[in-house]
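**Q** Chains as they are written, first to last, in numbering that gives the first Met the number 0: chain A, 0 to 399; chain B, 0 to 420.
Wrong hints could be hidden among the right ones.
[Unchecked claim] With a Cα cut of at most 27 Å, we get these calculated DSS-like pairs of lysine-lysine:
no., chain 1, residue 1, chain 2, residue 2
1, A, K368, A, K4
2, B, K184, B, K134
3, A, K30, A, K209
4, B, K353, A, K46
5, B, K246, A, K396
6, B, K418, A, K136
[Unchecked claim] Some residues of chain A that are not near chain B, with every Cβ distance over 10 Å (derived):
no., residue
7, D68
8, E97
9, D154
Derived from the structure by calculation, the hints contain no laboratory data.
Virtual Cβ for every residue (Gly too), placed ideally from N, Cα, C.
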Amino acid sequence: MQITKLQSNKFKTNLSALFITVPLSKENCTKNALLTSVLRRGTNNLKTQEDIAKRLEELYGAGFNCGVDKLGNYHVLKFYLETLENTYTLNNENLLQEGVNLLLDIVFNPLVENGAFSKTYVDQEKLNLQKVIESRKDNKAIYARERCLENMFADESYSIYKYGRVEDLASINETNLYEYYKNLLKNCKIDLYITGNNIDNVKVPEISSKVIPQIPNVHLAPSEPNVVNEIQDVTQGKLIIGLDVDDKNKAAVSMYNTILGGGANSKLFQNVREKASLAYSAGSSYIRRKNVILIQTGIEIENYNKAVKIIEEQLQDMKNGKISDDEFNAAKQLIVSSIELIEESKEDMITFYFDQNLFEENLSVTEYKEMIKKVTKDDVIKVAQKVKEDTIYFLTKGAE
Amino acid sequence: MQKIQNDKIKESVYIETLDNGMKIIIIPKPNTNKKYIIWGTKFGSIDNHFIEPKTGKEIKVPDGVAHYLEHKMFEQENGVDSLYKLMSLGLDANAYTTNDHTAYLFGGTNNFYEGLDELMDYVQHPYFTDQNVEKERGIIGQEIGRYDDEPAWKLYINLMDCLYKNNPVKLDIAGTVESISHITKEVLYDCYNTFYHPSNMTMCISGNFEPEKIVEEVKKRLLPKEKMGEIKRIYPEKELTINKKFKEQNMEVNIPLFMIGYRDVLDNENNVMKQIAIEIILNSLIGKSSKLYQNLYNEGLLMGPLDFYDEFADEYSHVVIGGQSENPEKINEEIVNVLKTEKVSKEDFERNKKALYGEYVSEYDDVETIGRMFLQDSMRGINSLEFVDAFSKITLDYVNKIQKELFKEEMSALSIIRKEK
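Please construct the entire structure, taking both the sequences and the accompanying hints into account.
**A** Printed below as a string of structure tokens:
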């Protein structure tokens, strides 16, 4: 297990995070999601989630959280535990050590009965996971985003929902999930991050971790954009446009994305919202590890053509180099500021350094900032000229 | 300037009330690079009927006006959009409107004083024209549309409709497409001139600041304003009962959403202590470590912890408990029953008190959380630091007393969103 300590005196709490990383695969996705839910149910020391909850309360309301995420072509099982810094306890308790112990207990010492996970826990969590997967449509904005990505990466493992598929659940039981878990621990990358003040003396046992291979992106943009309409009971349409962007010069792509849709001064916000009054929200986000930019906006159904036209005009303008100094400088300032904020948040620090480590870039926050500072307008225009519209997705209502 | 020091959590808070009545609260954080400022006015969606202090004129305004005004503040006479300007400075700027206040804010690591120039300039210079007011109607209409599709928001608004008959807390903060069609520049100016007077405003600042120095910087940027008398706000008569027990709406959600509410009959009791008591009661009896939660989870009726919080201002006070379940009626029955019949044990009391204390201290992790917390508490007449002392004073007897007074079956209501059967 790779242990990274990020010392900082800015906070009143310590955050510890444990990540288990494996290549993303359709086959194992559901098992990974289910596993995190089963692990948080009980350990051999604290057998029920009630016991764990009480323990967390005793540790001054320590916050525990876990889940799964897709990060590039990897699936990451994440476990977080936040404790109050020892200085603020009433009886000088060592909350940091206790917290780390609890985190390790949850991940590496699950409740085992007769050589398997608890049947009750696995059965209950299977039902819950099924509900989670089926409830995905409830948040329209997130749903539309994910559906656009699924269409873009239809033939890759990346198209799988991070919580997996309902049809996989039937064949999973307490025995084969436990076998999977034991195997997983032998073949995954394990990282522990500890942040906050006074973290030097935390004791962590040796746990073995594997080096996992880099998995290249293979996606090719279609010659013409795919147009996808999905019908649901919505009053507001969700328009998502997926763009394929260059794999190289990510700093310039980052600038491109921010000029296009990064904030109130972006082309999308100014033109879709402020000038045309078509939407309340209009912007874009850069999924760096998949070389994708997603444009997203919520509009009246009948304004679809108008919105697509305005958005495409912005893309064309950027290709033609129509980027004002104001737009360029504002975008740079915005990114630089957001980078400077990374060290003001424990979670952001962990996310940044873990990502840098996983994708073997190993930049520091400062180095990353310098790369952004060096980007020129020409770099951005070069990036713009390689941008390809991949998928135009619209979540819309059916005919009346 | 008043200085309040707290040795337990190692924080100091400085409070200055200026001659014009504006309050400035400074919470220095010497080790952080991030700076945060939030400037609020006690004007929210519930303030739709008032007497203008200068003219004595009684004014009724369309629903959603506080929020509309917030949107329009960013537009300046010289064509500059202040949000644009602040973002160009690398500052993360925003504004929001709640039931009882409106706030303008920004945070970031650099250009703080340039940002302060812009913030204090635009909040003090309204510029409303027929044309620019008209332009905003489409954008706000889309914002309202977005909320209309959000089950969680509908769930909450329907619960407010159950708990209150006439109280404006039950209205959508942004109003309706119909109500905002009546908003004109004259309405906006009337509201601005009344509620954006410094005596109705509070500013909270957190980051690496010298309190005296930052107060001077703020004072330099304040425009002189004539003193203004008290704003008389007119609200419907206080209600002693709830409006209805139950409301259900059909929307496309996979698992039904529910929210249970308890109306609190208002009094001016110690709100800080009461808030802590409410949290201890709910954490002990229906929280993550409670028997009730374990049972409902094991029966498959809950998939995750219940979400609960209390909301109060001068004109309303209630507790809400929400979650998702295939059988919301059963959950409601069990929760109402437990809160009526079970008591917080000594052990649960001590453990949850400690947990809440830890969570409270954690709030001081980040300048943004600090700024928001102090502003929101201040709008309700509370100094956030009072919470620290209240933890050492609260007793189990007091907690029991609050439970008996607050969690009465006849004061509870249930809101459900589920898909059509």
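**Q** Each of the hints needs a verdict: does it hold here or not?
**A** How the hints compare with the structure:
Distance restraint check for A/K368 and A/K4: the Cα-Cα separation of roughly 21 Å lies within the 27 Å cut-off, and the hinted pair is therefore satisfied. Taking the CA atoms of B/K184 and B/K134, the gap is about 12 Å. The hint holds against a cut of 27 Å. Using a Cα cut-off of 27 Å, the hinted pair A/K30 and A/K209 holds, with the two alpha carbons roughly 20 Å apart. Under the criterion of a C-alpha separation no larger than 27 Å, the hint pairing B/K353 with A/K46 is consistent with the structure, at around 23 Å.
In summary, the hint linking B/K246 to A/K396 is supported, as the alpha carbons are separated by about 26 Å, within the 27 Å threshold. Of the pairs offered as hints, the one joining B/K418 and A/K136 holds, with about 12 Å between alpha carbons and a cut-off of 27 Å not exceeded. A/D68, annotated as away from the interface, keeps every beta carbon of chain B farther than 10 Å; the closest lies near 18 Å. With a least CB separation of 12 Å from chain B, A/E97 remains clear of the 10 Å interface cut-off, as annotated.
With a least beta-carbon separation of about 28 Å from chain B, A/D154 lies farther than 10 Å from that chain, consistent with its non-interface assignment.
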